[in-house]
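Each chain sits in its own coordinate frame; assemble them with the hints.
Read top to bottom, the protein sequences are chains R and V.
Under the working numbering, the first residue of the first sequence is numbered 1, with each subsequent residue one higher.
Under the working numbering, the first residue of the second sequence is numbered 1, with each subsequent residue one higher.
Simulated from the structure, these hints should not be mistaken for laboratory data.
The model shown is predicted, which means the values in this text are computed figures rather than measured ones.
Any given hint might turn out to be false.
[Claimed, not checked] Pair ranges (Cβ atoms, derived):
id: 1; chain 1: V; residue 1: G410; chain 2: R; residue 2: S141; range: 32 to 40 Å
id: 2; chain 1: R; residue 1: N156; chain 2: V; residue 2: K318; range: 33 to 41 Å
id: 3; chain 1: R; residue 1: L50; chain 2: V; residue 2: L320; range: 31 to 39 Å
id: 4; chain 1: R; residue 1: E138; chain 2: V; residue 2: H459; range: 41 to 49 Å
id: 5; chain 1: R; residue 1: C21; chain 2: V; residue 2: K611; range: 44 to 52 Å
id: 6; chain 1: R; residue 1: K159; chain 2: V; residue 2: K492; range: 37 to 45 Å
[Stated by the list, open to error] Below, computed lysine to aspartate or glutamate pairings styled on EDC-like, alpha-carbon distance capped at 16 Å:
id: 7; chain 1: V; residue 1: K91; chain 2: V; residue 2: E113
id: 8; chain 1: R; residue 1: K52; chain 2: V; residue 2: D220
id: 9; chain 1: R; residue 1: K51; chain 2: V; residue 2: E219
[Said to hold, decoys possible] So these bits of chain R aren't anywhere near chain V, every CB distance computed over 10 Å:
id: 10; residue: G106
id: 11; residue: P108
id: 12; residue: K109
id: 13; residue: Q199
For each residue, glycine too, the CB sits at the ideal point set by N, CA and C.
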Amino acid sequence: MKTNCSECEAELATPLVCEACGALQVCAESPTPFAVMGLEPGPVVDHAALKKRLLELSRAMHPDFFGGASEEQQQLAIDNTAELNSAFELLSDDMARADWLVRSLGGPKESDERQMPQAFLIEVMEWNELLEEARDAEPGSKEHAAAHELGATLENERKTIMQAVRDALTPLPESGSTALIDIRKQMNAVRYVDRALAQLAELALEANH
Amino acid sequence: MAFFELNVLNNAQEPILGIDLGTTNSLVAIWRDGRPQVLKPEGHSGQIPSALYFPENGEQPIVGQAVRERALVDPVGTVFSVKRFMGRGLKDVQEELSSVQFPASENENGLIEFNIRGRMYTPQELSALILMRVHDIACKALEGHPGQRIVITVPAYFDDAQRQATRDAARLAGLEVVRIINEPTAASLAFGLDQKQQGTVAVYDLGGGTFDVSILAIEDGVFRVLSTTGDTHLGGDDFDRALMELAYDDLLPQVGEETAQDSAFLQALRLSAERTKIALSQHLEAEYRIVIPESDIRYHREIKRSEFDALSQPLIEKTLDSCRQALSDAGLETSDIDEVVLVGGSTRIPAVREAVEKFFGRKPHMELNPDEVVALGAAVQGHILSGGTRDILLMDVVSLSLGLETVGGGVDKVIVRNSPIPCQATETYTTNVDNQTGIKFTVIQGERELAGDCRTLGHFELKGIPPMPAGLPRVAVRFQVDANGMLSVTAKEQSTGISASIEVKPMHGLTDEEVETMLMASYDHAQADFDNRRAADLRVEIARMCRATRAHYEEAKPMLDRETIEDIDDVLLAGDEAEKSNLPDELQKVRDEIERATLPLAAVLMDAVAKSAMAGKTLDEL
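For reference, chain V alone in the conformation it holds in the complex (with noise of 0.2 Å):
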């Protein structure tokens, strides 16, 4: 039988996926049937944790959900909250150290690298596996390859550092991002649309790491990003740590110093204590239990919810600070805001709901679940990109300042904090020195006075030059801020329109060369990966093709000969055997045993098809 999807496209364009990668959980979806959609394979909730396993005999890791079954039995090897590492350096990230298992260490470019089982992973890798993992879900919910372009998701105050790693961890899944978009800005579209929004937005997005908020105007479609703030630093995760704290403090008299620094320890009490945080949504009171029988460790206390209210005070008083900013940075009141939309699992927390009800002065929306808004609007984003529609457009802005490091290590700003995007500006450089041919520069990102206190996104030199007499030289450089918020330098020298090449040495990233050095070293794990990815595939088709025989062959029975019959029901025996295997070449024989043994019924199906067509029946009612 000719198992061929009835899936026609109305344009040429593939299909592009939302990929939210968040800190605790990742989430995919599409559009389809002219709406976004979270893909869900049968019996899966479509949330995809964000978690790592390395197996001690240095297996494959394993992602996913199965690795937070896992890590309550056994903490050791996992790794938690990878997006905390991306695109930053080793003195950012001390607080958050503990939700990894391994040895974090920075090679020479500030790039954070982690020694588990003996070999070395850049957060971007970690990504790139929990991403291969989001697209296999993808691929099982559609039955099918829906190809390999993306739309991924970041917090609106993402540096360009941040971007790039992100972009580079899809890259090494072997995915192609069309476009990065910032997190509360998806949300809006998905919110948007579902309400059929206009007036002026504000998007409240506490994730698991990260806290941004964003203002924007929504008009005809047109979904305008008039400022964005937020805090990298601030998330759930901050809230679990409250309570940590509060058993760490108990414990550490009975446990002493060096267990209370164990990882293990610390990863047991991180989890405890995210249970009781999601426990106290629900009820009045919770109860923070940590057991653990080797180190003999039984502790609980009970916490109550005005305990942890007063807990989460500091915490929730930063963001309604930051909301504080993005009103102020918009020329707008809080009277201004005709709708309050709420992002984010943290978003459940009643104290955080009761204080942004009471800053904004309106009850915010929770008509959409607040962890899949931003894979929904993701995929809007997608279905845009791919040509599905002209009637909405994205309009974002730069979430943070660029600019040049000065010899006295202030800042000059070149492109100012909520410029939409795309934008650019222009700066004119001279040489100093007869005959110079480079020019080198510092790109800073932030909204200080010192470059000390911004973050360094590159160091720029820029070569091929024309030698001239000193300060003759225009050498105009253009600074330009894309779509995805993202930076690219050029330069032309513009008495003779000579283009200058730029090398960049990024801060807490990857070089090209080493994506492509990573990329040609999963080649030689290639053979070994490409069969699995093969065999993955021939079971989910062959799962596909025995349900599809299955659903017509009662009916089709008395059509055919008894030679058949035995034959169909031999290949479906041989499929349902087949989901236990994992060589290609055998499963592959399955299949194609399948479809020759199954010809028969698809002739018998086609042809009372086309009788009952013409006796006016669907093939439903046959």
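Just chain R, with the same shape it has in the complex (with noise of 0.2 Å):
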């Protein structure tokens, strides 16, 4: 990865565009998204700082500052800012950045390894019962005030497994440790805590109308 402007020299705090003389800088492969916000890859980001970074560098790089500058230059703000915007999206999502972490250290993608860790299993088997049953509940009925318990219980175990997940990725594992196997696994939880509470969000909405 580059680390100097290519037109005046001066360190780059983002392969992006050289903030000290406004060049854009040309990548010559995609970078790592904490490379272009200047982070140290791991679990844990400072939303507000990223935000802070996201609004600097855009007025630094968007297209709508380089209207009268060549094709080329425009096309080169449109790529580097589509590069900005990407990076934040997945810096800001913590499932994203996780799996983001994961697979750079050659860790399983979600379509390698789809399990689920055991202890879990059996409780996401209660759970399910629970959702079928509010799904042909009446509003009212005690099976909907066990769903919207659900929604409860389902947030806070979201934010367990995530804590656990961070943990694990705190400091970084080993390139290719089978903890990647564990954390995927974990995220794979995740994942079906997500769906269930969109699940349970719909259902609420129907009810509603």
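As structure tokens, this is what we get:
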């Protein structure tokens, strides 16, 4: 990854643009989302700082500010801003961030390892039952109330598992380590929880109509 | 006299006009004197009806206010709401066809065409005619040519085909679209600047044909869209239709099926409905009247506002559903919204205002004219793009997900809606057969699971893949959405680094060749058009020169000799007469004569200015 500006030689805080002289940088390969934001790879991110950086870098490279420049420069502004926006979106989402870290360390993709942790599976069966009952039940019934409680339980569950994922990624495991497989399984559990929460939200919307 | 404009631009770039090409009305604005202003030639409201009238004798169509007045007397030959047809197929627009008084058909590319007085017109060409009129109005207001660069607005929920159609229309009108921006975002720019806003803003935009709701975070001059959604099939026209149906049901038994299907009858019904709707915004009851003497139709019915409110309820509820969706997408509640902005003429309807206030739990902002706010925002964006300021930045989002059609007829989403733009995603393809050099795929836009329920953007064909065994090529196809919210696709075979070429067959659109052909065809009319243009420009310039001459004529007379005065009087007379001429060469002569004859006047005034400057007086004080 290039570290100095191609125009003025100043040190680059991000591979996409030189904030000292304003020159857009050409990247031979897609920079990592962490490199774009000038962060060390890790599972925790300061959201306020991230947003501040997004606005700063957007002001430096957004195509709107290259309206009078050559076509090449305008295209570069579009390309680099697209990279910036991708990086921001990924780093803002805790699951996307964790997923990127696991894969970058040689761990399994979601499609390669679909299992959830053993202990979790038993609870999943119970929750699936509650969800089904809620779907078939009348609004105001005890099944619906149970579903509402389930929502609270699931929110807590998500927090717990994500904390475990973060802990497992601090410090970052060795490249190719088996710990990455366990982390992926936990992330699959979070994926299940998010889907269940979405279903509950849909049921709630339907009930209101 | 040297008629130079003391219009010193403080940067090298040409100014960029902001154009709101609306379903019902269009407006044009420009950044001037530190703020955006709607361009209004003297005596003009700034609103240019997006309406055309094609005379029976095949003469040039009329565009604008004159058409509305004409339509009251003679609805045949009129065309309204062209925007509803842009980038759409015939089956999408069945209900809207009554706003065009000519037969519609669809060509093999799914492009709608109207048979108008023996010539086929696409919606793009009709919009181009409207844009030319809009540009003329701008020239008249500015008393000069601001150039051909524009920012044009579209509903946020317009898909790629609709945006492309808009860009093609501008190109056909001889205009260069520097940026396409979303209407609610443009409105927020105008509002944010005017009110010096920070915070979370919801923009509720109910125009003639479309509805959009956008939620933005405004912070230190950055306008960041958090979510946007809407309905391209919901607008003021639908409120008109609700009223129309009442009258239609009443009249059907009286007029019979045949007359009831007659386009002129439907047009009259529509225009009356619109008038009644507008009246009901001011009064608690209004009369819906239709008089068509030729068909012996004399109808009137009293409508109470409460009746109209009941009819409007389902439409308003649909807009509120979109508002719920936008809030959910942004992860916000109504209590998180700091300000609500209303955009679009239809927000003048009292029932709409009440519903929005109730939903968001706060009074919506109405300081800015809901009809002008979009054009003003476009002018602000034009100002930014022409290098006028770096203090404001618009960060918009993709309004509809983009995906690829799968073999089973499903959709694989590649770019998800509400992703900030510019954005991109890369998909890797390979070949199924040895030495296969091409790959085909279809791009879909929309949120549904089945391709058939979404809109097909176009069929893409990748060519030029180097011949290799099946499964070996790694073709990286990059889908990029630019700041206009428009898609471009590039492809590279990664092992060889060779770029594949992409051919696009757009749905409901024009290919580049077709646009070229249309531009070429217009060169046939070019000479006539060019002459008309030149003549129009010269008339404007002559009028300006006469006005400027007369402004200082009386004061300067004592310093001029009799011959010069007679000369100037003659040319001023000729200048006044020239208003009636349409011959460019003749007008050129008149203009040149005015310039020649007023040289002595200029000299005298310059002298006086120099003398007074030394005496510390201004020209005005002379």
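Hint-by-hint comparison with the structure:
{"no.": "1", "hint": "V/G410 / R/S141: 32 to 40 Å", "verdict": "holds (35 Å)"}
{"no.": "2", "hint": "R/N156 / V/K318: 33 to 41 Å", "verdict": "holds (37 Å)"}
{"no.": "3", "hint": "R/L50 / V/L320: 31 to 39 Å", "verdict": "holds (33 Å)"}
{"no.": "4", "hint": "R/E138 / V/H459: 41 to 49 Å", "verdict": "holds (48 Å)"}
{"no.": "5", "hint": "R/C21 / V/K611: 44 to 52 Å", "verdict": "holds (51 Å)"}
{"no.": "6", "hint": "R/K159 / V/K492: 37 to 45 Å", "verdict": "holds (43 Å)"}
{"no.": "7", "hint": "V/K91 / V/E113", "verdict": "holds (13 Å)"}
{"no.": "8", "hint": "R/K52 / V/D220", "verdict": "holds (11 Å)"}
{"no.": "9", "hint": "R/K51 / V/E219", "verdict": "holds (11 Å)"}
{"no.": "10", "hint": "G106", "verdict": "holds (19 Å)"}
{"no.": "11", "hint": "P108", "verdict": "holds (19 Å)"}
{"no.": "12", "hint": "K109", "verdict": "holds (14 Å)"}
{"no.": "13", "hint": "Q199", "verdict": "holds (15 Å)"}
No hint from the list above goes unmet by this structure.
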